[in-house]
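Number of protein chains: 2
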Amino acid sequence: MSLEGLSINFATIKQGGSFGVMVDACLKQGITTISPWREHVQGVGLEEAARIVSENGIRLSGHCRGGFFPAIDEDGRRKAIDDNKRAVDEAAAMNANCLVLVVGGLPKGSKDIRGARQMVEDGMAELLPYAKAAGVPLAIEPLHPFYAADRACFNTLKQSLDLCDRLGEGTGVAIDVYHVWWDPEVEEQVARAGRNNQILAHHICDWLVPTTDPLNDRGMMGDGVIDLKGFRSMIEKAGFFGPQEVEIFSYNWNAKPIDEVLTTVVERYRTVC
Amino acid sequence: MSLEGLSINFATIKQGGSFGVMVDACLKQGITTISPWREHVQGVGLEEAARIVSENGIRLSGHCRGGFFPAIDEDGRRKAIDDNKRAVDEAAAMNANCLVLVVGGLPKGSKDIRGARQMVEDGMAELLPYAKAAGVPLAIEPLHPFYAADRACFNTLKQSLDLCDRLGEGTGVAIDVYHVWWDPEVEEQVARAGRNNQILAHHICDWLVPTTDPLNDRGMMGDGVIDLKGFRSMIEKAGFFGPQEVEIFSYNWNAKPIDEVLTTVVERYRTVC
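In order, the protein sequence lines correspond to chains S and Y. Letter by letter, the first sequence follows residues 1 to 273 of the UniProt record's numbering. Letter by letter, the second sequence follows residues 1 to 273 of the UniProt record's numbering.
By construction, these hints were calculated from the structure, which means they are not laboratory data. Hints may be right or wrong, so weigh each one.
In the EDC-like style, the derived pairs of lysine to aspartate or glutamate whose C-alpha atoms are separated by at most 16 Å in a straight line are [stated by the list, open to error]: (1) S/229 to Y/4; (2) Y/28 to Y/4; (3) Y/158 to S/259; (4) S/14 to S/227; (5) Y/108 to S/259.
With the C-beta cut set under 10 Å, the calculated list includes, among others, these residues of chain S facing chain Y [as the list claims (entries may be wrong)]: (6) 28; (7) 92; (8) 144.
Each residue gets a CB set at the ideal place from its N, CA and C atoms; glycine is no exception.
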């Protein structure tokens, strides 16, 4: 079974430390699609990262991440837009399939989630022409409602796709099973996203029972309760055949040698995804 | 300001230990509405609990809890129905305003959340005639999606109200701000529930940033990011003027003397709710 359909998000192997080490570990397994985080790229420098990507025939299923648009004042929102433009530049230089957006939650001290959502919409509307000119699609990643306050005030596919519809071309969603598996409307919304060509990425991991930590206890595929094959089938039925990107934030897995993590990922990808 | 609109869910003061101690602590503050858990009632015995309630003019905004309908086999589902009937009996004996249902998540080993939802619907349909005969409304409490796997596979108001519509009279929802505050459709669904007289309870606490524990780090009203006054206004606009029931699962608050907890609850109720 070819590993063309598999991508490694570098959060999964962040213990590798540097961009080069993580890329080499993927290549050693025969994995040629990745999704780095900005700090990994900036650690080695964008030019060098782009060279490594290009010379090794590596594809980027996404670049992580832009977003965090809400801020307590205009100055803060302005800085967020500027920073997002740099993220777009990075994504473009590495020819990433999309820039993944963790859109941001409530500004410090605020209880106005509707206001925060408006700031996200305004910020994306301002960023979009720049991203389109650079040829970088913007992928809203609806995060699990657990993160509504501090990371992303867009928490369902429906809500995110409604925003994509308002913003128009050049926007879409990153569908992470961890964030949306529980949603009673997930099937119809995945189908809707497919009809409108709004699926930009498909992230996988698993939901552990119990989940002991809200941030860093995501599971390896197969260790939890998500029907991953069923989910993939739903995604493909909607017309998306891009890679399954493994993104596992986990105290447990991030403490293991990255070769062990990747060997396990490949084995699970071949059996349960 | 009268405390008629305030109810204390006994999870908030469970360190009190016994039904009598918790009731006395509430009465001492002038609070005459409560929502006990089954173990508190069973600890003192249903007859004695009903006597304490009746002799002190206490009202129950709810009885916690029934539910947990899904099970791996027919025998397990049958036992769940029987146990729910005992919960209905208790609620009836204490004249509770409703039986709160934490409907249950995935049966052990299952990845079929749609199947679990069907088990909930089937279980409630079977329980309903018994509950109606006893005069006890069944209140589905949609739980935060964090609990979809292990506690409740109904996680939004819309999903829960759709089920109530299918089941008909004698069913409704318990709206807990902690579970639904993030929902982009919360306003329209609260209004819908009001139109159909489906609001049976209104629970309050707060969402802390950060929330360090997924189960036991709920906040005291005012310490988090939920717009409680705005939420109450939305609920009253929908036609529900029943008590605000304080339900705080918290390592922090459950470690304090219950008089201190209740004094704080009263102060916050008067200022931020």
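Results for each hint:
no., hint, in the structure
1, S/229 to Y/4, "violated, 52 Å"
2, Y/28 to Y/4, "holds, 14 Å"
3, Y/158 to S/259, "violated, 45 Å"
4, S/14 to S/227, "violated, 26 Å"
5, Y/108 to S/259, "violated, 32 Å"
6, 28, "violated, 32 Å"
7, 92, "violated, 31 Å"
8, 144, "holds, 6 Å"
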